[in-house]
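Undergrad: Protein chains in written order, with the working numbering: chain U, 3 to 182; chain D, 72 to 500.
No lab work stands behind these hints: they were computed from the structure. We put the beta carbon where it would ideally sit given N, CA and C, even for glycine. Certain hints may be false.
[As the list claims (entries may be wrong)] Beyond 10 Å from chain D on every Cβ pair, some chain U residues (computed):
hint, residue
1, T5
2, A21
3, F25
4, G61
5, D86
6, P114
7, G147
8, A154
9, S157
10, S163
11, Y166
12, A182
[As the list claims (entries may be wrong)] One side of the interface only, derived from the structure: several residues of chain U facing chain D at Cβ under 8 Å:
hint, residue
13, T7
14, L28
15, S30
16, F31
17, N49
18, D54
19, N65
20, L80
21, Q122
22, V124
23, V126
24, K128
25, T180
Here are the chains, one letter per residue:
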Amino acid sequence: MPTATYDNIASTTLGSNTASVTFSSLGSFTDLQLVIRARCTLTDAVNFYPNDVLLRFNGDSGNNYSYQYYSAVGWAGLVANRLDNQSAITIGGGAQNSYAAQEFSYHDIYIPSYRNTSYQKVNVTKVGHAYHTGDARRGVGIWVGNWKNTAAITSITVLPSNGYSFTTNSTFCLYGITAA
Amino acid sequence: MANPYKALSTVTVGSGGTASISFTNIPQNYTDLVIRVSSRTNHTNTFDYIKLTCNSDASGIYNSKVLYGNGGGTAAGTAASTDWTFGASVGNTATADVFGNAEIYITNYSAIDNPKVITQTGVGELNGSTISFQFATGGNYRNIAPITSITLTPAFGSLWLQHTTATLYGVFKSEIAGAPSAPTSPSAQASAKSALISFTESSNTAFYTVTSNPGSITATGTNSPILVTGLTDGTAYTFTVTATNPIGTSSESTATSSVTPSSTNVYESIATATPSNATVTFSNIPLYYTHLRVVIYGRNTNGNAREARIKLNYNSSVQDGYSTTLSANNVSTAINHNTTAALPTITGNSNTANQAGIVIVDIPNYSIRGQAKSMLAYGGFSDGSNGAFAGMAAVTYNTYRGLFTEMQVELTGGDFYGSGSRITLYGMK
Numbered sequence: 003m004p005t006a007t008y009d010n011i012a013s014t015t016l017g018s019n020t021a022s023v024t025f026s027s028l029g030s031f032t033d034l035q036l037v038i039r040a041r042c043t044l045t046d047a048v049n050f051y052p053n054d055v056l057l058r059f060n061g062d063s064g065n066n067y068s069y070q071y072y073s074a075v076g077w078a079g080l081v082a083n084r085l086d087n088q089s090a091i092t093i094g095g096g097a098q099n100s101y102a103a104q105e106f107s108y109h110d111i112y113i114p115s116y117r118n119t120s121y122q123k124v125n126v127t128k129v130g131h132a133y134h135t136g137d138a139r140r141g142v143g144i145w146v147g148n149w150k151n152t153a154a155i156t157s158i159t160v161l162p163s164n165g166y167s168f169t170t171n172s173t174f175c176l177y178g179i180t181a182a
Numbered sequence: 072m073a074n075p076y077k078a079l080s081t082v083t084v085g086s087g088g089t090a091s092i093s094f095t096n097i098p099q100n101y102t103d104l105v106i107r108v109s110s111r112t113n114h115t116n117t118f119d120y121i122k123l124t125c126n127s128d129a130s131g132i133y134n135s136k137v138l139y140g141n142g143g144g145t146a147a148g149t150a151a152s153t154d155w156t157f158g159a160s161v162g163n164t165a166t167a168d169v170f171g172n173a174e175i176y177i178t179n180y181s182a183i184d185n186p187k188v189i190t191q192t193g194v195g196e197l198n199g200s201t202i203s204f205q206f207a208t209g210g211n212y213r214n215i216a217p218i219t220s221i222t223l224t225p226a227f228g229s230l231w232l233q234h235t236t237a238t239l240y241g242v243f244k245s246e247i248a249g250a251p252s253a254p255t256s257p258s259a260q261a262s263a264k265s266a267l268i269s270f271t272e273s274s275n276t277a278f279y280t281v282t283s284n285p286g287s288i289t290a291t292g293t294n295s296p297i298l299v300t301g302l303t304d305g306t307a308y309t310f311t312v313t314a315t316n317p318i319g320t321s322s323e324s325t326a327t328s329s330v331t332p333s334s335t336n337v338y339e340s341i342a343t344a345t346p347s348n349a350t351v352t353f354s355n356i357p358l359y360y361t362h363l364r365v366v367i368y369g370r371n372t373n374g375n376a377r378e379a380r381i382k383l384n385y386n387s388s389v390q391d392g393y394s395t396t397l398s399a400n401n402v403s404t405a406i407n408h409n410t411t412a413a414l415p416t417i418t419g420n421s422n423t424a425n426q427a428g429i430v431i432v433d434i435p436n437y438s439i440r441g442q443a444k445s446m447l448a449y450g451g452f453s454d455g456s457n458g459a460f461a462g463m464a465a466v467t468y469n470t471y472r473g474l475f476t477e478m479q480v481e482l483t484g485g486d487f488y489g490s491g492s493r494i495t496l497y498g499m500k
């Protein structure tokens, strides 16, 4: 029988600039989906580069992550890369404070079997942001990450790279998904 | 026995002629169509052809081949144009008052899953000769849309001449004694603002009509089940079904049990498989969702990373998929044309231990008949090696336009899913 499966675990919209957002009550679902609308406090009106958004599990900031991606961005065309032994998983470039007001990037992260203790923890992210004036720093991409730990995920932390913060009105919605 | 042929419309050309003869708003409740054409054109020759177009579609999606004879021999050929199929007529230098005679037969014209096959037999005349000019044509309108209009024009001439006559007949699939009996055993499954009505079909039926109570909201279809949309969430509904053929309409079926549409819990988990072999099969997929999502998680037991693959309606005679994939860490693209849809890749046994891959496949509007089924898949795995992937695939299951209720999820090379792998099918209302 079909099972009702999609629950909102927690949602937050930032009322002020915030360095990181952590979800620590993850419930007992099969999979998790985290949907983020992000803007970072980086101000770079020269190059307009986005500010990477990072993901960590269980407070682990050691070099225990790998990720790879391909991404189409205006200034560089199609790029792909892989990185090992990282201190976090990058889930795509986030909008930054030199972009037009109230412009955010979108990150849709799927984390399967987060309570499984047999496999290391994989996740996949769709990311994108666009701006119509022709500035070439926006793009789309698929990012796949891995946390080299078989422990169950009990907390998720999202933060901008290089010590920046998320700006006011960035939103973070965590969903729990139950498989039949 | 009632006559299975019914004359739907006749056009007779008056003085001055006409450039075309059209049948529009063709009823969809017959099985086949027949057009009988007695025709003569203003073409300055002994012969002309009937140019037949469907749904005003002249976009080069017709084929036809002809076998013809003139009394002195036979020959065969391919139609000169892909913009129409053709039948026999005569031109204006044929013997006075001679008209060509053609019968054009179109099977399953109202189907939404298949291109339309058109055959024609006919005869014209060679002027001043006792030998006649005969055609047998097989044509194909390569469009799955139901035929709702047909236009006949001379292939070479510019006018049908006076007294040219064309009659359109609807043909029912068998001789019928009367209106069908009422469908039986109706049942309803509620979804978001809609309900799917299933029932036991009646014999000799052209179409069915489902009616809601309250609201008298109707939906029609040629088979069970039929989706009724436009319902109000939170309202309890029952439904009855009638069957119609050209003779008449049945009495109402018994009413279904009451169901209440709801837009809560719009995302449901339909089934999960934990495979230990090569293939996972999902059967009897409910049709009352709007979209499907498949989550493929795990690794394979044999060697290298493997692409996940999907077959829809795996036991159908039609298996055709296109996919375009893009993967890292080397950017590469591929266009595949295969019997299965190639998706991003999950971890293989040669990759780092205990690492899994993830592939998410979204299939919108899977239950709409008449449309190719499209998918978007993305995912991969990361172990920091060159062998890992982040990929995306857009797939069109191109040749099948019907409902799909079955799905197989497998790996390239027939490899097996490893322990702990999980494949879950979700439905979104």
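Undergrad: Does each hint hold? Answer for all of them.
TA: Verification of the hints:
no.	hint	verdict
1	T5	violated (5 Å)
2	A21	holds (26 Å)
3	F25	holds (19 Å)
4	G61	holds (21 Å)
5	D86	violated (3 Å)
6	P114	violated (4 Å)
7	G147	violated (6 Å)
8	A154	holds (14 Å)
9	S157	holds (20 Å)
10	S163	holds (18 Å)
11	Y166	holds (24 Å)
12	A182	violated (4 Å)
13	T7	holds (4 Å)
14	L28	violated (17 Å)
15	S30	violated (14 Å)
16	F31	violated (10 Å)
17	N49	violated (23 Å)
18	D54	violated (16 Å)
19	N65	violated (11 Å)
20	L80	holds (5 Å)
21	Q122	holds (5 Å)
22	V124	holds (5 Å)
23	V126	holds (5 Å)
24	K128	holds (6 Å)
25	T180	holds (6 Å)
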